[in-house]
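Residue numbers (the working numbering), protein chains in the order written: chain A, 155 to 347; chain B, 149 to 329.
Watch out, some of these pointers could steer you wrong.
Unchecked claim - As a list, the in silico BS3-like pairs of lysine-lysine whose alpha-carbon atoms are at most 25 Å apart: (1) Lys202/A to Lys156/B; (2) Lys191/A to Lys156/B; (3) Lys285/B to Lys191/A; (4) Lys267/B to Lys183/A; (5) Lys245/B to Lys285/B; (6) Lys212/A to Lys202/A; (7) Lys287/B to Lys229/B; (8) Lys229/B to Lys285/B; (9) Lys202/A to Lys191/A; (10) Lys156/B to Lys212/A; (11) Lys156/B to Lys245/B; (12) Lys267/B to Lys202/A; (13) Lys229/B to Lys245/B; (14) Lys287/B to Lys156/B; (15) Lys245/B to Lys287/B; (16) Lys156/B to Lys183/A.
Since the hints were derived computationally from the structure, they do not count as laboratory data.
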Amino acid sequence: MAKDKPTTTLQVETFADHHVITQPNPLRKVLRRVAEKDLDDPVARAEKALAGLSGEFKNWMGIEADRLTAAHAAILKGGFTDFTREELFRAAHDIKGDAATFGYPSAGAAAESLCRIIEHAPDLDEVPSELIAHHINAIQAIVRERTRLDTASMASELSRKLRGVADEYLLHVNRNRPEHLEAILAPSIVPGE
Amino acid sequence: MFRIDFNKLRFLLCDDNPHMRRILRTLLHSFGAREVYESEDGATALEMYSHYVPDIVITDWSMPIFDGLELAQMIRQPESKGNPYAPIIMLTGHSEKRRVTVARDAGVTEFLAKPISAKGLYQRILNVVANPRPFIKTKTYFGPDRRRNISNTYIGPERRVGGEAEVLQQPSLLDKARTTL
């Protein structure tokens with residue numbers, strides 16, 4: 155598509171304080187109509203391909219969890235700086251986004267709780283060190299103990315309780331910061347499907 | 149029912165996490181895409197954007213130094229020599245309203261919340277291919293129309309001033325960008 159020589163023109167409608175710019179859809183040529191009974195299902199094909207990668211997920215999740223632990227260790231050694239805070243946040247944020255895909259949704263939930271602490275605590279040096287450490291340890295435990303039969307519900311319960319404790323702390327320390335309270339209490343508005 | 153010929157599309161992926169890039173690449177290839185370019189930071193992605201002129205950009209938000217939000221802002225420069233109109237799909241672990249509003253105002257076309265799914269990614273791509281929105285240019289914004297619901301009775305903040313439109317035909321900036329390559 156990108157190699158084609160397009161011959162499109164823009165239509166610009168000019169109003170008092172804005173322009174509306176419309177161009178013929180440059181990607182229209184890649185759409186083709188197929189019969190309703192068409193058996194080719196690209197989504198199913200992609201899900202199958204993703205399942206083919208699943209043998210690597212445990213290793214990937216271990217790497218992500220170790221990166222989080224390393225970021226936490228740097229903070230225990232040298233305290234919070236802009237750099238160490240960012241490293242911890244990014245490691246937790248990646249787990250929040252990746253863990254469910256890798257088959258560790260409870261680790262993702264615990265990582266999300268940790269992200270909320272880092273984002274909304276007024277002073278990270280004042281956050282009880284156990285609160286952060288419990289999140290790191292929980293994520294490590296969920297990742298390492300996943301093969302045990304009884305750990306799925308335990309992992310879910312662990313991340314749920316961590317989130318409860320973290321939210322209680324955040325609501326308390328942000329009681330006079332309405333913009334943070336609003337963000338803490340607001341539901342997600344991004345559609346996932 | 150419509151299908152997309154993915155083998156005719158050129159994608160640019162930008163994510164600093166190698167695992168997520170691998171997943172995205174796997175999904176796009178299994179959809180049928182052949183041309184998938186990857187970068188691990190926004191600055192490299194911007195260079196690749198100018199060089200390869202992708203049809204669709206898929207970017208993470210959180211990246212060191214030059215993030216996905218800045219990448220979207222740099223692409224959406226109406227006076228630039230490159231193509232400012234390419235659809236931008238933002239993958240985000242950020243799902244708070246404030247964050248989403250900021251990204252929308254940077255000109256992002258579609259959002260896809262992590263954890264990623266094949267269905268979610270396919271639907272976003274189908275949407276930008278089949279249902280492109282017009283672009284709006286104001287003093288403070290250039291990007292896809294942020295109003296997905298057409299309502300002539302809207303009287304809230306940032307109401308656009310209407311009136312009689314003056315319609316001009318102009319060469320596409322996308323064409324300009326491609327003819328300079």
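Hints versus structure:
1. Restraint check for Lys202/A and Lys156/B: satisfied, since their Cα atoms lie roughly 22 Å apart, inside the 25 Å limit.
2. Restraint check: the Cα-Cα separation between Lys191/A and Lys156/B comes to about 23 Å, which is no more than 25 Å; the hinted pair holds.
3. Restraint check for Lys285/B and Lys191/A: the C-alpha separation of about 42 Å exceeds 25 Å, so the hint is violated.
4. For the hint linking Lys267/B to Lys183/A, the alpha-carbon distance of about 22 Å falls within 25 Å, and the restraint holds.
5. The suggested pairing of Lys245/B with Lys285/B holds, with an alpha-carbon distance near 23 Å, which does not exceed 25 Å.
6. For the hint linking Lys212/A to Lys202/A, the alpha-carbon distance of about 18 Å falls within 25 Å, and the restraint holds.
7. Straight-line distance between C-alpha atoms of Lys287/B and Lys229/B comes to about 19 Å, which keeps the hinted pair within the 25 Å bound.
8. Restraint check for Lys229/B and Lys285/B: satisfied, since their Cα atoms lie roughly 17 Å apart, inside the 25 Å limit.
9. Taking the CA atoms of Lys202/A and Lys191/A, the gap is about 20 Å. The hint holds against a cut of 25 Å.
10. Simply put, Lys156/B and Lys212/A have alpha-carbon atoms about 34 Å apart, too far for the 25 Å limit, and the pair is violated.
11. Taken as a hint, the Lys156/B and Lys245/B pair is broken in the structure, with Cα atoms around 35 Å apart against an allowance of 25 Å.
12. Under the criterion of a C-alpha separation no larger than 25 Å, the hint pairing Lys267/B with Lys202/A is consistent with the structure, at around 12 Å.
13. With a C-alpha separation of about 33 Å, the suggested pairing of Lys229/B with Lys245/B is violated against the 25 Å cut-off.
14. Taking the CA atoms of Lys287/B and Lys156/B, the gap is about 35 Å. The hint is violated against a cut of 25 Å.
15. For the given pair, Lys245/B sits about 24 Å from Lys287/B by alpha-carbon distance, which is consistent with the 25 Å threshold.
16. Straight-line distance between C-alpha atoms of Lys156/B and Lys183/A comes to about 9 Å, which keeps the hinted pair within the 25 Å bound.
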